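All chains should be modelled from the sequences, with the hints used to inform the complete structure.
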Amino acid sequence: NPYLSIVSNSEGQPLSQQARQDEPTPDLDLLSERLNTINTQKNQSKEQFYRESYNIFFELQNYLNSNQSKAPQDLVLRDKDVNGILSKYIDLIQDYTEADNYTRIWDLCQRLYFPMEGTELITSVRDWLNTYEEIPDVEDAKLQDADEELEESNSIGPTWVWEYSRRQLMRGNFQESMEMLTFSLGFLNTQQKTAVSKIIKLIADFENVVSTNTDKTTFWERWAIWREQCKTSDTEFEFALQSQDAQVEKNEEIHSLYDILIGDEECIRRYGTYFEVVLGTAWFAKPQSSLSSLKSLAQDVDNLEEDAYVIACSYILMGQFDDAFAVMGGDLWLHTHLGYALIATGNIVTNTRVTTKSTNKEDILDPIYYSIQTYAQNIAEEFDMWEEAVIYLTCCQSNKEIWVNQLLGDPILPRKDVNRLNSILDVATKCGLSQVEKYIHKGLGHRYEHEKKIRQATTEYGKAEDLKSLDRLAHAEFSQYLKTGKLGDVITDMPALHRSPHYAILIVYQEFREHLAKKRWEKASKAALHLLENEQLPTKFETVLLIDNLQILKESKHYYPSNRIMQLIDIFKHITKDASNQDFIVKYYKFIENHDYSSDIITAKIRERLAYKAATAPTVC
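Heads up: the sequence shown at position 257 corresponds to 257 in full-length UniProt numbering, and the numbers run straight through without jumps.
Fair warning: there could be bad hints in the mix.
[Said to hold, decoys possible] Computed cross-link-like contacts, PhoX-like style, restricted to lysine-lysine with a CA-CA straight-line distance of at most 25 Å: (1) Lys526 x Lys605; (2) Lys483 x Lys463; (3) Lys573 x Lys554; (4) Lys142 x Lys88; (5) Lys587 x Lys518; (6) Lys486 x Lys587; (7) Lys526 x Lys486; (8) Lys605 x Lys518; (9) Lys483 x Lys590; (10) Lys573 x Lys557; (11) Lys540 x Lys526; (12) Lys557 x Lys523; (13) Lys518 x Lys486; (14) Lys483 x Lys577; (15) Lys463 x Lys452; (16) Lys416 x Lys46; (17) Lys587 x Lys519; (18) Lys577 x Lys605; (19) Lys590 x Lys577; (20) Lys554 x Lys540; (21) Lys216 x Lys142; (22) Lys486 x Lys452; (23) Lys483 x Lys557; (24) Lys540 x Lys590; (25) Lys486 x Lys430; (26) Lys438 x Lys452; (27) Lys463 x Lys416; (28) Lys416 x Lys483; (29) Lys526 x Lys557.
Simulated from the structure, these hints should not be mistaken for laboratory data. Predicted, not measured: the structure shown is a model, and the values here were computed from it.
This is how it looks when you write it as C-alpha cells:
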C-alpha cells in the first residue's frame with residue numbers, strides 16, 4: 001500500500017492501525033479465494049474446450065487432405081466419414097455448459113447439412129424443434145392450467161387445447177395432436193364431436209400417407225386422395241353448421257384445424273412460430289423432400305422471432321449462413337468451426353480464385369477465413385496454442401502463409417525460446433508452408449545474430465534464403481578480417497549460401513586460404529583468379545589477394561599463365577599508386593607473414609616476383 005509510508009493520517013491516527021482496520025475479514029478472504037478459483041476453473045474449462053475443438057478440427061482437416069484425390073466436392077456431401085467426425089462437435093458441446101448456446105445451432109446444421117443417419121429431412125427438423133422448444137402434452141398442459149389458472153376457456157374447452165393441437169399438428173407431432181383433440185371431445189356437442197373425430201381420423205390417415213414417402217409416385221397419389229378427403233370433410237362440417245336453425249356455436253378452432261390439413265398457407269402462417277409455419281407448410285401445403293426446396297420454402301416465411309439463437313437457426317434453415325453468423329454477433333468459435341464444417345461438406349462454396357501471385361500480398365477471401373484468422377490469433381495469445389493456431393490458418397487458402405507470418409510477428413515470438421520456435425517450424429514443414437519455414441529460419445537467424453552466434457545465424461539465413469542478411473554477415477566478416485587478419489567460422493558446405501553474392505566470395509576466400517595452408521598451389525591459384533574476376537569483391541581485397549599470392553609466386557613452378565601475370569601486374573600498379581593504401585599493405589603483410597616491413601620493402605618483394613614470373617611464364621599453364 002503506497003500510503004503505509006506516511007506516518008499518520010490527517011486525523012493523527014497511526015496508519016499501521018488504520019491498515020489493520022482495513023484488512024479484509026477471513027470471510028472476505030475466503031470469498032475472494034473462491035471467486036479466483038472459479039475464474040481459474042472457468043478459464044481452464046474454456047481452454048480445454050478450445051483444445052478439444054482443435055482436435056476435431058485437426059482430424060477433419062487431416063481426413064480431407066488425405067482424401068483429396070478420392071473425394072471430389074460432390075461426393076463429400078455424402079461422405080459418412082466426414083459427417084462422423086463432425087458429429088463429435090455435438091458431444092463436445094454437450095460436455096461444456098458454457099457451450100450450451102451452440103447446441104441447438106450445431107444440432108440443426110448436423111441434421112440438415114451433415115446428417116449421420118438417413119432420417120427423413122422434415123422429420124429430423126421436427127425432432128430438432130421438439131428437443132429445443134417443447135410443447136406440453138395433455139397431462140402437462142392440464143397441470144400447467146391448474147397451477148397457473150391463466151388459461152382462457154370458451155364454449156368448446158380451454159383455448160390451450162386448440163392452440164397446442166394446432167401447433168403439434170403443424171410440427172408433425174401427429175400422435176400428440178390427436179391426443180389433445182381426443183381430450184377436447186369432452187367439451188364438444190354432438191356436431192362438433194363428429195367434426196373433430198373426423199379430423200383425428202384424417203390425421204391418422206395422414207400418418208399412413210407419410211409412411212410411403214420413400215416411393216414418390218405412391219406418396220403423391222395417396223396424398224392427393226387424402227387432401228380431397230380433408231376438403232370434403234371441411235365442406236360437410238360447414239354445410240352442417242349452415243343447416244342448423246339454432247345459433248351456431250363458436251367453431252373457428254375446428255375450422256382452423258381443417259384449414260391446416262388442406263394446406264391453407266395463410267392460416268398456417270397465422271397460428272405457429274416460424275419453425276412451425278415452415279414445417280406446417282412442408283407437411284400440408286407443399287410437401288418437401290429435398291434440402292434445396294426446404295431452404296426455398298424457409299426463405300418465403302416471415303420470421304418475426306426476437307431471440308437471437310432462434311433467428312440464427314432460421315437463417316441456418318434458409319441456407320443463409322453469413323446472416324446466421326452475423327446474428328450471433330461475430331462468435332469466433334462458432335464461425336470458425338461450423339463455418340469450416342460447412343465448407344468441408346460443400347454447403348458453403350468459397351471463392352478459390354487467386355487474384356495475386358505475390359507471396360506477401362493478401363487476396364480477398366470469404367468472411368469465414370477472417371474469423372478463423374482472428375480466432376487463431378486469440379487462442380495463441382490467450383492459451384499459448386501457437387502450433388494449433390498455425391494449423392487453423394493452413395485452411396485459409398492463398399492467404400495462409402501470409403497470415404501465419406503475421407501471427408508469429410516481427411521479431412518472431414520474442415518471448416518464446418528457440419525450442420518453441422523449432423516446434424512451430426516443424427508444423428510449418430509438415431504442412432508444406434515453405435514461406436513460413438523461411439520466415440521462421442530468418443527469425444531464428446536474427447535471434448542467433450543478436451546473441452553473437454554467427455555460425456548458427458548463418459545456417460538459419462541460408463535455410464531462409466535470406467540473401468540480404470547473408471551479404472550483411474559476409475561484409476561484417478570481411479571487415480573483421482581486414483582489421484585482425486583472422487577469418488571467422490565460415491560455412492563452406494551449405495549450397496544455399498552460394499546464392500548470396502558476398503557470402504559466396506567469403507566461401508571461396510576461405511577455401512583459398514585453406515589451399516594456401518596446405519600448399520595446394522594449383523587449387524589456390526584458381527581460387528584467386530575466380531575471386532579477382534568477381535565484380536563484387538570487397539574494397540582492399542585486391543591488395544589482400546596480391547599479398548596472399550606471394551606464396552604462390554615464390555614457387556618455381558608456374559601456376560599462372562602470362563596473361564594472368566599481366567593482370568596481377570595491373571592490380572599491383574593500381575594499389576601501389578594509392579597512397580592511402582600503404583599503411584594497410586604493412587598491416588596486412590604483418591598479419592600473413594608475421595614480419596614488420598615497410599610498404600616499400602613489401603611492394604619491392606611483390607614487384608620482384610611478378611617481374612620474374614612475367615619474364616618466364618608460359619602462355620598456358
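Violations among the numbered hints:
Checked against the structure, the hints that fail are numbers 2, 4, 21, 23, 25, 28, while the rest are satisfied.
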